[in-house]
Amino acid sequence: MADEQKPPLTDQKTGEKVSPTPSYPPGEAERMPEPETGLEEAVVNALDASEQAVASPVVQAFDSAVSAVQEAVDQIPGPAKTHAEASAEEHSDTTIIMGRAITVPGGIYTVVFGVLGVATLVEIILAEFPRGLLTIPLMLGLAVVKAVLVVMYYMHLRSDSRVFTVVLLLPVAVTLLSTLYLITVPVTGY
Amino acid sequence: MNSGKSQSTNNMTVLWIIGAFLALIIGGVIIAQATPLLFPPQGSAESLQVDDLFKFMLAIGGAIFLLVQGAIVYSVIRFRAKPGDLSDGANIHGNATLELVWTAIPAVIVLVLTVYSYQVWVSTREIKPNEQTVYGRGARFVWSFSYDVPASSVPSDVEVDKLPPNIQDAITNDSSFPITSRELHTFVGQPIKMVLDTSDTLHAFWIPAMRMKQDLISGRTTEIRFTPIQAGEFPVVCAELCGGGHGDMRASIIVHADETEYLSWFSDQVNLVVYPPDDPVLRGEQVLASGQYPCSGCHTLTALSWAGITGPNLNGIGDRAATVRSAATGETPEEYIHRSLYHPAEYLVPGFGALMPQFQPDAGQPNFMPVDDNKAIVAYLCTQTATGESACDLSNLDAIIAAGD
Amino acid sequence: MASITAPLGQAQTTAPGLKVSDFFRWSVDHKIIGIQYMATAIFFFIVGGALAMLIRWELLTPTLDLMQNGEQYNTLFSIHATVMIFLWIIPMFAGFGNYLVPLMLGAKDMAFPWLNAFAFWLIPPAGILLLLGWFVGPAQAGWTSYPPLSTLYSGDGQTLWAMALHLLGISSILGAINFIVTIKNMRPQGMGYWQMPLFVWAILATSIIVVLATPFLAGALTLLILDRVAGTSFFDPANGGDALLWQNVFWFYSHPAVYIMVLPGMGVISELLSVHSRKPIFGYRAIALSSMAIALVGFTVWAHHMFTSLTPELRIPFMVTSMIIAVPTGIKIFSWLGTLWGGKIRFTSAMLFALGFLSMFVIGGISGVMLGSVPVDIHLHDTYFVVSHLHFVLYGGSVFAIFGGIYHWFPKMFGKKLDERLGKLHFALTYVGFFFTFFPQHIAGMLGMPRRVAVYDPQFQQINVIISIASFVLGIATFVLLYNIVVTLIAGKRVGANPWRALTLEWATSSPPPAYNFIGDPVPFEDPYGYGTEESVAYLDALEKRFPPPVDTSATLTRAPQSGD
Amino acid sequence: MSEASLERAHHEVLPAATPAQIDNAKFAMWLYLASEVVIFAILIAVYIVFRYNNPDVVHDIHEEVGIILVSINTFLLLASSWAMVMGLQQIQRGNQQGLIQWIGITAVLGTVFVALQYVEYNELGHLGLSLSTEFGMRFYAPTAFHGVHVIIGVLWALRVILRARKGYYTAQNYLGVEIFGLYWHFVDVVWILLFTVIYLV
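Those protein sequence lines, which keep their order, are chains A, B, C and D. When you read off a place in the first sequence, starting at 1, and then add 775, the result is the number in the numbering used here. When you read off a place in the second sequence, starting at 1, and then add 3, the result is the number in the numbering used here. When you read off a place in the third sequence, starting at 1, and then add 1227, the result is the number in the numbering used here. When you read off a place in the fourth sequence, starting at 1, and then add 186, the result is the number in the numbering used here.
If you are wondering where the hints come from, they were derived from the structure by calculation, not from laboratory data. Among the hints, a few may not be true.
[To be verified] Residues from chain C that keep clear of chain A, each with C-beta distances beyond 12 Å, as calculated:
#1 1358
#2 1390
#3 1397
#4 1469
#5 1475
#6 1476
#7 1541
#8 1571
#9 1574
#10 1652
#11 1662
#12 1712
#13 1717
[Said to hold, decoys possible] Distance ranges between label pairs, derived from CB positions:
#14 C/1685 / B/270: 30 to 36 Å
#15 B/129 / D/316: 45 to 51 Å
#16 B/264 / D/316: 54 to 60 Å
#17 A/948 / C/1761: 36 to 42 Å
#18 D/252 / A/923: 24 to 30 Å
#19 B/135 / A/958: 47 to 53 Å
#20 A/948 / B/15: 49 to 55 Å
#21 C/1717 / B/55: 35 to 41 Å
#22 B/262 / C/1362: 44 to 50 Å
#23 C/1538 / B/310: 35 to 41 Å
#24 D/306 / C/1277: 49 to 55 Å
Note that CB positions come from ideal geometry on N, CA and C, so glycine has one too.
Just chain A, same shape as in the assembly (with noise of 0.2 Å):
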């Protein structure tokens, strides 16, 4: 409607005119997010940063792993192939689960899921065998890794906005914190 009205923008910080977004329908243009701006960008684009730097080859590390056991898994003949071959890439496979039949597509999930069964089958074997030095922080290592896993695959962290993962960490620094505080503060006596 009157949307030709709209007064030249600027951006207070750079003093550039800011374009005014051409074709909302009336009303929505509040809630659109508009693009991460200032404070959220420094932080995001900090956060990019640090994992182009740091975590960047390990998560790279793992997706080519990850393809590898996938293609692995396609080379395996049996129904499942020949379905996969037939059908798109993501109907890839028809199982029984629970007497009725269901398309389990062979992705990425069900590659975790392996994983994690496997992390965790290895954390029990950890812990009935007599402990050494190392038991303990590979068993803690290996949770936490399950944990990135499940946070990074299955709740679509990897992929979502970065403010999510600035939402997850603060608290977790927090409380990592006071644990290892509490921790350190005698029970008895001083």
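Got chain A; can you put chains B, C and D on it based on the hints?
Showing chains B, C and D alone in chain A's frame:
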């Protein structure tokens, strides 16, 4: 903001700023110098340091206070809109230099304060070689202090088998035994290490005159050190909420002028314990007065100058035990008092809650009260009558005890 | 640039008429919820204030007179503190935030209107639960409720206290989530983070603290309730628990909670000082970022509440972090002074309270630094000095800001201006009453009077009589405000949409705003504090033309819309 | 002087779900999970402190209790998480029936988890591990709190199934499933950590 002004105006501005700062600092120092009026007497070596630190902080704080209030008052007068003036103020968004300055200056100030505070803290916690250990215990709502007496200092003419078992043990093993006092006694120049614990909730041991405070934490033992430098009697206060009688939980520290005076008090206390009177009434009075049991926190007993308000008044307890209370419970007065000590919850006086600790006749349990002490206390409380005559027949007591609880 | 032409035709400029009963029922309109929050909070302010008057009455003499025993007195101040913190200051600022944040962002409502209403409606039951405690053996362990006093030695009211706080905590968390989402996602075009009003910045910082800190309280309360009803002994050392655990976890929450209570007040002050001295806020970014700095550093200072119970070796690190907090706080105070400097100060009641905040809060700040120093705190901890400090921060700070905010935004909420003469009387009585109530408490504490006592050393009687008399003045002052509100609501004159000629977006609509706040999408002025420029004058003039002062229209009754989320 | 107005457009109707609102709800769920992190962390931290100070006590209890039952439970919960995310994938591809089946599996696995936890608590009760023991209180508080979350999750799953049967979700509108998924996976993550920290270490 000074750009575009002439050199002389700039000089004047600098002068004004210097003058204002001087005025602020002088004002702060004046404020700080007034504080001794606000502090309790300086009773310990530590109090001197703490007060100096406080005054230093107050001088800075006072200057900041004057700066802010002065700026507010000045702005309010100088920059008020005149009637009818509808214009706006200058469109100034900030000044990077100024903002940097007032970030940096407070940062430097808190850094200095932190370092100074740390120094004071370290020096007040220093362990002195000749310190005396005193055990302090908080119980709702009374303080008791105990001192270790080495068995070697017990006079040789003491009749050992008449003493309480723990002292007998100490003498045979040549170790030490505690004596208890309701006041904290020490003398000028003697460094003290307080070892503090509590028999129930949290308390906080505070001697305002010493500027020392330490919480007593259930299940833990805590420590605090100080060195008195001034003779006199100063209050000891509980500073951590511990229940209904919290405000009443007060005691005294008595700082004797010198060691001789202190030792004479100390040996009197030891003698009271190692020469126990034969008369159970006297012994009961002595046990109660020593503060070994936390009765005075809640009860009033004028004869011992107790003024607790949380529990029933013990003035005239003998008379009441023989009349009202024995009618209510159907027990003889001595039985009533005896059992009230071991089973307080079963003998609640109307209008009072079950707050009294349950004393236990067996060693090793919390709130241990040996049967002998119980008998002595009963004997003493029975004499709290209008006439001063005992209201009880103490010969029954042994039979009651023999019958169990 | 941002000049304005004729407003759009046939826009609804008349204020919606709301019936009183609209405020007593479920509504998802953020404006109604905001006022519901505030009215509830003011009700509890009166309750808490009455308890404070009883406390001061009791303390007129060094012995028990009004109360029958010490436990009754303990209940009195426990409930006073809990009500004032959890049912007055926090909900009051939640009310301001609810009313103002969507308006300041030019949004139609909060992100989750239903959740917003739900968060509010948790508060009345919580308040009732807390007050019910009086009848089942009252809570008497103070608002900090340190065990074992709160577990082994207190009545069932303590359980109700914990449950009430649980509900209030959930309410806070839901409210804070709503604020964060609203602020991040619903800003209008052209308003980046650096164009947000500082009040919104403050609410953002506060909400982050609430989301991260309040669950600590929830955890601690869960353990406390389990200890009280389920036979566990997390806090009972006799059975393998640890009394200090509560103190740590409680202060994980409660120190950040101090900033939950004071940061929104600082946001309010930033608005008031700029508008009423007609000058841009000095150092906008410094103020905004210092809020965030306070929020973050606030998570590292909790143990300075435990300088007399904590392991001695751990005390120094917490002294350092506590001292650091003084720096961002100082930045704010000096920036506010810079805002005043060179302005054209209007002495409205709102401005007076803002100035009162500035002058009283700085005292609280100074005494706070003193308490942050370990050796000094060891003397002053748990004394009336601390009582004084916290009231300077929370009354001289938060409550002054609340009062200032009420005078400032009342015209926005009801289209009527509070009586300025009564407002000035209110300010004068509050300022004087406040100062003489709380300043002498510093001295009582330094001389050796512990807090939370009904029975005290007779040497402090004189000073306590002064304090009590001043506190009665302070108590009476509140009734001036209440009288002013009632009289204005009934017989006050209508004012225009923007009586203070402020630039923030909440004024760019009629007062009170229509359903969904704005007719169309408002365009924020490029700088929320850009006073003193021709553009701002033109913008404000255009606003005035767009929303002209009323010619005493009889309000049309339009219902608040009941939209789902 | 350019043309301008105080408003962008005149309208009175609120738009239906927009991309921003979708973002809103997910963002809110993450914020809620952030606060849940803190609550769980406190309960676990209480246990960790105890474990750190009394390694022998914990070791003896572990020896006595064994981990067969809880290991089965762990696999059940992992599988339920997998089923959850598979269900989400189904609806993203527009397969409502697949969504219902996979979420159904999630709900069943969650129910079995709670049932087995009940069995486990019963066994522990017979071993004398009550709420008032030093280990017991620190063990039951976090695990039971987690169990309550699983129960809530199962109820939520049933709600998702009911709505799915009414055709509420489509390939374009699966936000409700995704948000439930966030919750369910979070509960799973908590269990992954609880299992290792409380039962194994």
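Identify every previously stated hint that the structure contradicts and give their numbers, smallest first. The structure breaks hints 4, 5, 6, 7, 17, 19, 21 and 22; every other hint is satisfied.
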